[in-house]
Each structure stands twice: as C-alpha cells, then as structure tokens.
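Protein chains in written order, with the numbering used here: chain A, 1 to 334; chain B, 1 to 327.
Quick caveat, the hints were computed from the structure, so don't treat them as lab data.
This structure is a prediction, so every number in the text was calculated from the model and none was measured.
Please note: incorrect hints may appear among the correct ones.
[Stated by the list, open to error] Listed below are the simulated DSBU-like cross-link pairs for lysine-lysine, each with C-alpha atoms no more than 35 Å apart in a straight line:
id	chain 1	residue 1	chain 2	residue 2
1	A	Lys299	A	Lys113
2	A	Lys62	B	Lys39
3	B	Lys226	A	Lys137
4	B	Lys224	A	Lys167
5	A	Lys235	B	Lys325
6	B	Lys100	A	Lys140
7	A	Lys113	B	Lys180
8	B	Lys100	A	Lys304
9	B	Lys124	A	Lys137
[As the list claims (entries may be wrong)] Quick list of simulated restraints, FRET-style, between CB atoms:
id	chain 1	residue 1	chain 2	residue 2	range
10	A	Val111	B	Pro295	28 to 38 Å
11	A	Ile317	B	His227	31 to 41 Å
12	B	Lys325	A	Glu331	31 to 41 Å
13	A	Lys235	B	Ala34	23 to 33 Å
14	B	Pro298	A	Lys235	42 to 52 Å
15	A	Gly234	B	Lys249	56 to 66 Å
16	B	Leu305	A	Lys209	34 to 44 Å
17	A	Lys235	B	Ala88	43 to 53 Å
18	B	Val37	A	Met310	34 to 44 Å
19	A	Asp213	B	Ser189	56 to 66 Å
20	A	Lys209	B	Ile58	23 to 33 Å
21	A	Val2	B	Ala34	34 to 44 Å
22	B	Ala88	A	Arg222	36 to 46 Å
23	A	Lys226	B	Ala34	22 to 32 Å
[What the hints assert, rightly or not] Chain A residues, not near chain B, derived (Cβ > 12 Å throughout):
id	residue
24	Gln63
25	Ile122
26	Ile128
27	Lys137
28	Lys140
29	Arg222
30	His247
31	Lys275
32	Ile320
Just so you know, even glycine gets a beta-carbon here, dropped at the ideal spot from N, CA and C.
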Amino acid sequence: MVDKLNDDIGEEKRLRLWEMMLKLRLVEKKAYDLFLQNLIKGTSHLALGQEAIAGAFGVALKQGDYTFCTYRGHAHTLARGSSIEGVLGELMGRQCGLMKGKGGSMHLTDVDKGVMGSYAIIGAHLTIANGTALASKYNKTNEVSVCFFGDGTTNIGAFHEALNMAKIWNLPIVFVCENNLYMEYTPIHEVTAVEHPAADRAGAYDLDKIIVDGNDADEMLRTAEKVISKAREGKGPSLIEAKTYRHSGHSRADPGKYRPDEEVKDWMENKDPIKNYRAKLLDFNINEKIISEIEEKIKDQVEKATEISMASPIPEIKEIYTDVWANGGSEWHN
Amino acid sequence: MAQLTYRASVSLAIAQSMRKDQKVFFIGEDVGAAGGVFKATVGLLEEFGKERVMDAPISEQAILGAAMGAAMTGLRPIAEIMFSDFLAVCWDIVANQIAKTRYMSDGQINIPLVIRTANGGGSKFGAQHSQSLENWSMMIPGLKVVAPSCPSDVLGLMDSAVKDPDPVIFYEHKSLYAFKEEIEQTDISIPIGEANMLHEGKDITIIGLALMAQRAKEAALILKDKHDINAKVIDLRSLVPLDLQTIKKSVIETGHVLTVEENPRLCGWGAEISSLISEHCFKNLKGPVTRVTTPHVPLPSADILEDNTIPSVELIVNEVIKKLKGE
Ligand SMILES: Cc1ncc(C[n+]2csc(CCOP(=O)(O)OP(=O)(O)O)c2C)c(N)n1
Ligand SMILES: [Mg+2]
Numbered sequence: 001m002v003d004k005l006n007d008d009i010g011e012e013k014r015l016r017l018w019e020m021m022l023k024l025r026l027v028e029k030k031a032y033d034l035f036l037q038n039l040i041k042g043t044s045h046l047a048l049g050q051e052a053i054a055g056a057f058g059v060a061l062k063q064g065d066y067t068f069c070t071y072r073g074h075a076h077t078l079a080r081g082s083s084i085e086g087v088l089g090e091l092m093g094r095q096c097g098l099m100k101g102k103g104g105s106m107h108l109t110d111v112d113k114g115v116m117g118s119y120a121i122i123g124a125h126l127t128i129a130n131g132t133a134l135a136s137k138y139n140k141t142n143e144v145s146v147c148f149f150g151d152g153t154t155n156i157g158a159f160h161e162a163l164n165m166a167k168i169w170n171l172p173i174v175f176v177c178e179n180n181l182y183m184e185y186t187p188i189h190e191v192t193a194v195e196h197p198a199a200d201r202a203g204a205y206d207l208d209k210i211i212v213d214g215n216d217a218d219e220m221l222r223t224a225e226k227v228i229s230k231a232r233e234g235k236g237p238s239l240i241e242a243k244t245y246r247h248s249g250h251s252r253a254d255p256g257k258y259r260p261d262e263e264v265k266d267w268m269e270n271k272d273p274i275k276n277y278r279a280k281l282l283d284f285n286i287n288e289k290i291i292s293e294i295e296e297k298i299k300d301q302v303e304k305a306t307e308i309s310m311a312s313p314i315p316e317i318k319e320i321y322t323d324v325w326a327n328g329g330s331e332w333h334n
Numbered sequence: 001m002a003q004l005t006y007r008a009s010v011s012l013a014i015a016q017s018m019r020k021d022q023k024v025f026f027i028g029e030d031v032g033a034a035g036g037v038f039k040a041t042v043g044l045l046e047e048f049g050k051e052r053v054m055d056a057p058i059s060e061q062a063i064l065g066a067a068m069g070a071a072m073t074g075l076r077p078i079a080e081i082m083f084s085d086f087l088a089v090c091w092d093i094v095a096n097q098i099a100k101t102r103y104m105s106d107g108q109i110n111i112p113l114v115i116r117t118a119n120g121g122g123s124k125f126g127a128q129h130s131q132s133l134e135n136w137s138m139m140i141p142g143l144k145v146v147a148p149s150c151p152s153d154v155l156g157l158m159d160s161a162v163k164d165p166d167p168v169i170f171y172e173h174k175s176l177y178a179f180k181e182e183i184e185q186t187d188i189s190i191p192i193g194e195a196n197m198l199h200e201g202k203d204i205t206i207i208g209l210a211l212m213a214q215r216a217k218e219a220a221l222i223l224k225d226k227h228d229i230n231a232k233v234i235d236l237r238s239l240v241p242l243d244l245q246t247i248k249k250s251v252i253e254t255g256h257v258l259t260v261e262e263n264p265r266l267c268g269w270g271a272e273i274s275s276l277i278s279e280h281c282f283k284n285l286k287g288p289v290t291r292v293t294t295p296h297v298p299l300p301s302a303d304i305l306e307d308n309t310i311p312s313v314e315l316i317v318n319e320v321i322k323k324l325k326g327e
C-alpha cells in the first residue's frame with residue numbers, strides 16, 4: 001500500500017523518474033530492433049529490466065557530477081541527459097554518434113554531461129572513478145562521482161583496491177553494484193564466497209552494508225539521494241548493492257538459456273520496474289492521461305532520434321588517424 | 001654550478017613542476033614520508049604536504065586509476081610505479097584505459113599524466129626487479145615513452161612530460177640514480193621527441209637509450225682512443241615520439257648502424273628502428289643494421305651472470321670492431 005499522506009518524493013519527481021526510466025527502456029528496445037535489422041553491428045549489452053537503477057541516479061545527480069559505467073551503459077549514459085541520437089548513432093557507427101563511431105556500444109562517453117566513459121574491462125573504472133572523486137577533493141569542489149558495475153565485478157582485484165583507496169582517502173564517491181544474479185552466463189552465487197557479493201564485502205572496508213531492491217524505483221531514488229548527499233557533504237564513500245535482473249541475455253549473442261524459465265517469468269511479470277512503477281503512479285492518484293502523454297512523448301523522441309541516426313552519414317575514413325594524441329593526430333615519429 | 005645526481009634531479013624536477021603548477025600532484029607507494037625506495041623523492045612531502053604528495057597503498061591499479069581519473073578532470077598527476085616490472089599488475093589501466101580513452105572518446109578526454117618508474121638492470125635484483133620495459137609501452141598507441149640518460153635530461157624531460165597533454169611513461173634507470181653531472185641551470189625544458197648526440201663521429205652510428213646510451217658513449221671514447229674508430233652516439237631519449245630525422249641524417253653520414261638495447265632481443269625497440277632504417281635509408285647502408293641486446297632470457301641475478309647478460313661497454317666495442325673490421 002502506498003502512503004499518500006507521507007509522500008517524501010512527490011508527483012513532480014516521480015514523473016521525472018517515470019519519464020527517465022521509460023526513455024531508457026524504449027531506447028534499449030529500439031537498439032534491439034535495430035540489431036535485428038542488422039543496422040547495429042558488433043556487440044551490445046542491454047540493460048532492459050535494470051532501468052530503475054540508472055534512472056534513479058539520473059534523477060538524483062546534479063549537473064557536473066561524474067558517472068562511470070560499464071559496457072552495459074546505454075541506459076546510464078542516457079540517464080545523464082545524453083541525446084538519444086548520440087547513443088543510437090554511436091551504436092550504428094554514424095557521425096552523429098557520441099564518439100563518431102570511434103568507441104562503439106561499449107564505450108559511450110559524453111563529458112559535457114558528466115558521462116566519463118563506459119568501460120569494458122571488468123573493474124578498471126572503479127579505480128578511475130576514484131580519480132575524479134580525488135580531483136573534487138583536491139580542488140575542494142563538491143561534485144560526486146558515481147560508478148556502476150555488476151555483481152561479477154566484485155570478484156576482481158580492482159574492486160577491492162578501489163574500495164580501500166576510496167575509504168582511506170574519504171573520497172566523494174558512490175559505488176553501485178547492480179546485482180542481476182549472473183556474471184555473464186554463470187550464477188553469481190556459484191562463484192562468490194559470500195551471499196551478497198558487494199554488500200557482504202562492505203564491512204571489510206569499513207563501509208555500511210546497503211542492500212536495496214533495485215527494481216523499486218522509489219527505493220532506489222531514496223537510496224541514491226542519501227548516498228549522494230553523504231558524499232557531497234564530505235562524509236565519504238558508499239557501496240550499495242541493488243538487486244535486479246536483466247530481461248535479455250548478457251549480450252547480443254546470448255539467448256540466456258542458462259536461466260530457469262520460472263525465474264525469468266517471475267522477474268518479467270512480477271518485478272518489472274517499469275510495469276510496477278506505472279501501477280504505483282496510479283496508486284498515487286496521478287492522472288493516467290499525464291502518464292500516457294509522457295509515454296507518447298518518449299516514443300516520439302525515440303522515433304525521431306532513430307530517423308536522425310539513420311540519416312546521419314557514416315564516418316569518414318580519415319577519422320581512423322585522428323585523436324590518438326591531444327594534437328589531434330596519430331604520428332609517432334618526425 | 002652544482003653537481004647533481006640523477007636521483008636528486010628526479011625530486012628536484014618533480015618539485016619544480018609542482019611549484020609551477022598547482023594542478024600537479026604526486027602519488028605512489030612509500031614516496032612521501034619514506035622519500036621513495038630509491039630516495040628519489042626525498043623532501044617532497046616536507047615541501048608540499050600530504051594533499052599533494054600522497055602515500056598510497058600497494059594498489060598499482062588503484063594508483064594509476066586514480067591518476068587517470070584526476071587527469072581526466074584537468075589535473076596533472078605524477079604517479080610512481082616503484083619498479084617498472086610492477087607495470088604488469090596494472091597493465092590494464094596503462095594499456096587499455098590510459099592509452100585508449102582519448103581515441104575512443106573521439107578526443108573528448110585528455111589524460112595529461114606522468115607515470116614514472118624505476119627501470120633496468122645492474123642491481124642484481126633478479127628477473128622481476130630489473131627489466132627494461134620501454135618496448136612494452138612503445139607498442140601501445142596513445143602512450144609517450146621517455147627514458148632519460150643523465151640528470152639534465154631528467155630535469156628537462158620531466159618538465160616537458162608534466163606539461164604534455166598526453167600520458168607519458170617516464171622510465172628512470174636504476175643504475176643511473178648515482179650518476180653525477182655538473183648543472184648550471186636546473187629549471188630547464190627539453191622537448192620530448194628530440195634525440196641527443198652524445199658523441200660525434202663519421203664511421204658508425206650507435207643508437208642507445210638510458211643506460212645503454214651512456215655505455216655507448218663510453219664505448220665510443222674507447223673506440224676513438226684505442227681503435228681509431230669514430231662513432232656517432234645517438235641517445236634517443238624517447239621512443240615515442242621518435243626522432244627519426246636525427247637517425248636518418250646520421251645513417252646517411254655513416255652508413256653503419258648498431259643499436260644497443262637492454263631488453264631481451266625479441267620485439268625490442270631496436271627491431272623497429274632497424275626496420276625504419278631499412279625503409280628510409282636502404283641505399284645509404286654499407287651493411288646490415290646490427291642489434292646488440294640481452295639474450296632472449298629472463299635476467300639472472302648473480303654478479304657474473306647479470307653482467308654477462310646486459311650489453312657491456314666491452315661488448316659494444318667488440319661488436320663495432322667486428323662490424324667495421326670484420327675481426
Ligand atoms: C577483466 C575481464 N574479464 C572478463 C571479461 C568478460 N566479461 C564481460 S562482461 C562479463 C560479466 C560481468 O558480470 P557482471 O559484473 O555481473 O556484470 P553484468 O554483465 O551482469 O552487468 C565478463 C566475464 C571482461 N570484459 N573483462
Ligand atoms: Mg551481473
């Protein structure tokens with residue numbers, strides 16, 4: 001039951017969160033369609049089903065804050081306000097892409113929006129995110145750095161190095177483990193010494209054990225706001241473990257057959273963050289017409305962005321040789 | 001005029017950069033309170049305090065990751081990796097992250113950082129604390145590779161490395177830390193990518209880097225005094241960017257080339273230089289390019305074994321004589 005009288009979030013913010021999550025969902029679905037049409041090559045890792053986590057942080061963060069995500073990062077990039085055509089265009093290898101086709105699906109970067117890159121080698125970006133947090137501390141400015149990663153990432157050394165360093169230097173950073181129960185094709189509990197891969201390790205670094213239902217958008221938002229404030233106030237790092245589930249396979253090539261049908265069905269039907277949030281909005285007496293109008297608006301935005309991307313030219317071949325160095329080129333001898 | 005060791009020039013170079021630019025900070029293991037395991041960073045903590053001289057845990061990935069992230073925001077970190085051999089435990093951050101992020105982001109992100117590290121043999125430390133690894137980083141697009149051979153080059157090249165908008169790996173040679181030089185002016189800048197002629201001659205070009213450049217120079221003095229052979233000695237100073245023009249000019253004059261590398265033979269930097277010379281100066285060559293390297297073995301520890309593994313002055317002299325006089 002919802003408590004309408006003690007609503008700490010409010011309609012305005014809820015609708016922003018709704019719009020955000022819906023955008024992430026519909027763009028990912030579009031990306032999937034574009035694959036099937038062979039308009040997107042290479043690999044791609046969709047975050048379908050995990051939208052409440054990136055969405056909540058997208059709403060809670062301020063301009064100027066830094067985010068770092070993984071190869072499963074289309075949603076996290078969009079959540080900071082990057083354009084849909086920037087994302088889809090990059091996936092399709094077009095000039096309108098965020099990096100003009102130089103990075104691809106796994107490396108979305110949009111510095112103007114605080115998207116400090118998407119990282120495809122497990123663990124690395126936790127250490128790099130410490131660096132932007134260190135810079136904020138060094139410069140005595142108050143940006144917060146947020147770093148998203150998966151459950152499987154808690155078993156690589158860089159995770160542990162990064163948490164220790166963040167703690168000893170009291171860095172303004174939030175580490176967000178999206179526990180979708182699988183590292184690639186293997187159930188996380190089969191390869192992890194503890195039940196909660198991130199939260200059970202928090203104590204080792206003198207951090208609070210925080211577990212949150214990552215598919216409950218309101219809960220995610222509350223948690224995000226709390227840990228972000230803590231970091232911004234100079235009270236140090238947090239590690240949160242958000243339980244969630246991906247609706248599709250690990251990547252484009254994966255039908256996800258290793259997951260029991262019952263499990264998939266339960267998460268898709270009963271725990272879908274978008275479906276459940278729509279119902280919640282209605283419980284809060286938000287006018288269904290407003291909800292539907294937002295849906296139409298986002299659908300329209302996605303279609304328009306798709307058209308822009310498809311119309312955008314492919315990169316020029318000379319781009320191969322640009323931007324290795326800060327002088328814009330790639331020469332290595334005189 | 002003051003006499004300065006290579007070791008002292010490292011801390012002075014860092015201090016000079018930190019005095020000039022508040023954006024520069026220094027991070028590494030045992031670098032602050034302890035002054036570095038090679039005592040090459042003594043005095044920095046006292047002058048700049050804990051906020052700018054950070055003693056880090058034994059977390060090479062976290063050290064370089066933090067340096068990279070800070071550099072992404074416009075700060076100019078200098079990070080120390082105690083021994084270059086330890087680059088292996090943070091190679092992802094170096095080769096995949098630091099080197100490639102500018103390109104992958106289509107130039108949105110610059111990474112102006114310096115990784116300085118103690119490199120090379122001569123200390124009898126065995127195979128995991130003695131390697132010469134410049135060629136590891138040379139083959140990765142996006143990394144600049146510098147290896148100074150004397151105190152003034154440490155000062156001048158560090159100044160440029162810190163100011164450089166791209167990531168620079170700065171290989172300091174352990175066996176040169178005690179090397180002394182009279183220095184008039186300490187606050188100097190030497191552009192990265194300009195080789196240095198350590199000895200003039202017309203008979204042969206010897207190309208070296210760091211300790212091997214110094215040994216090549218010693219060999220050139222012996223060749224001149226005792227064997228009437230006049231060798232040019234080029235100290236490359238940096239592998240990326242490479243001063244190909246100086247190499248070409250010299251080869252056109254001498255027609256003979258010997259490269260001296262401290263690394264094992266396979267895929268050493270001399271192979272790339274040799275290939276460039278055959279492409280650019282084939283008609284000027286009077287014979288094949290000769291490569292002197294360590295054999296293709298891990299570096300052994302005992303005095304006699306290590307000494308006979310790393311190219312010595314004597315070996316360089318003998319190789320040159322063999323090459324020019326067929327002896
Ligand atoms: C160092 C490294 N090892 C292995 C891989 C291959 N790999 C890519 S994603 C992945 C699974 C990661 O699982 P998790 O952290 O739970 O993230 P999720 O994909 O579930 O979001 C693996 C093993 C990699 N990219 N990097
Ligand atoms: Mg996972």
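Status of the hints after comparison with the structure:
1. Lys299(A) / Lys113(A): holds (23 Å)
2. Lys62(A) / Lys39(B): Between lysine 62(A) and lysine 39(B) the Cα gap is close to 44 Å, so the pair fails against 35 Å, i.e. violated.
3. Lys226(B) / Lys137(A): Distance of about 61 Å is beyond 35 Å: violated.
4. Lys224(B) / Lys167(A): This hinted pair is violated, its Cα atoms lying about 60 Å apart.
5. Lys235(A) / Lys325(B): violated (73 Å)
6. Lys100(B) / Lys140(A): holds (29 Å)
7. Lys113(A) / Lys180(B): This hinted pair is violated, its Cα atoms lying about 50 Å apart.
8. Lys100(B) / Lys304(A): Answer holds: lysine 100(B) to lysine 304(A) is near 32 Å, not above 35 Å.
9. Lys124(B) / Lys137(A): violated (42 Å)
10. Val111(A) / Pro295(B): 28 to 38 Å: violated (47 Å)
11. Ile317(A) / His227(B): 31 to 41 Å: violated (53 Å)
12. Lys325(B) / Glu331(A): 31 to 41 Å: holds (39 Å)
13. Lys235(A) / Ala34(B): 23 to 33 Å: holds (30 Å)
14. Pro298(B) / Lys235(A): 42 to 52 Å: Given about 48 Å between the Cβ atoms, the range holds.
15. Gly234(A) / Lys249(B): 56 to 66 Å: holds (57 Å)
16. Leu305(B) / Lys209(A): 34 to 44 Å: violated (53 Å)
17. Lys235(A) / Ala88(B): 43 to 53 Å: violated (36 Å)
18. Val37(B) / Met310(A): 34 to 44 Å: violated (58 Å)
19. Asp213(A) / Ser189(B): 56 to 66 Å: Roughly 57 Å apart at Cβ, these two residues keep to the hinted range, so it holds.
20. Lys209(A) / Ile58(B): 23 to 33 Å: holds (26 Å)
21. Val2(A) / Ala34(B): 34 to 44 Å: violated (59 Å)
22. Ala88(B) / Arg222(A): 36 to 46 Å: holds (43 Å)
23. Lys226(A) / Ala34(B): 22 to 32 Å: violated (39 Å)
24. Gln63: holds (15 Å)
25. Ile122: Non-interface label on isoleucine 122(A) violated, nearest chain B Cβ at 9 Å vs cutoff 12 Å.
26. Ile128: Check fails; 4 Å does not lie beyond 12 Å.
27. Lys137: Given that some Cβ of chain B is not farther than 12 Å from that of lysine 137(A), nearest at about 9 Å, it is violated.
28. Lys140: Since the minimum Cβ distance to chain B is about 10 Å, lysine 140(A) lies within 12 Å and the statement is violated.
29. Arg222: About 28 Å separates arginine 222(A) from the closest Cβ of chain B, which puts it past 12 Å; holds.
30. His247: The claim stands: histidine 247(A) keeps its Cβ more than 12 Å from every Cβ of chain B (closest is about 28 Å).
31. Lys275: holds (35 Å)
32. Ile320: Violated, since 10 Å does not exceed 12 Å.
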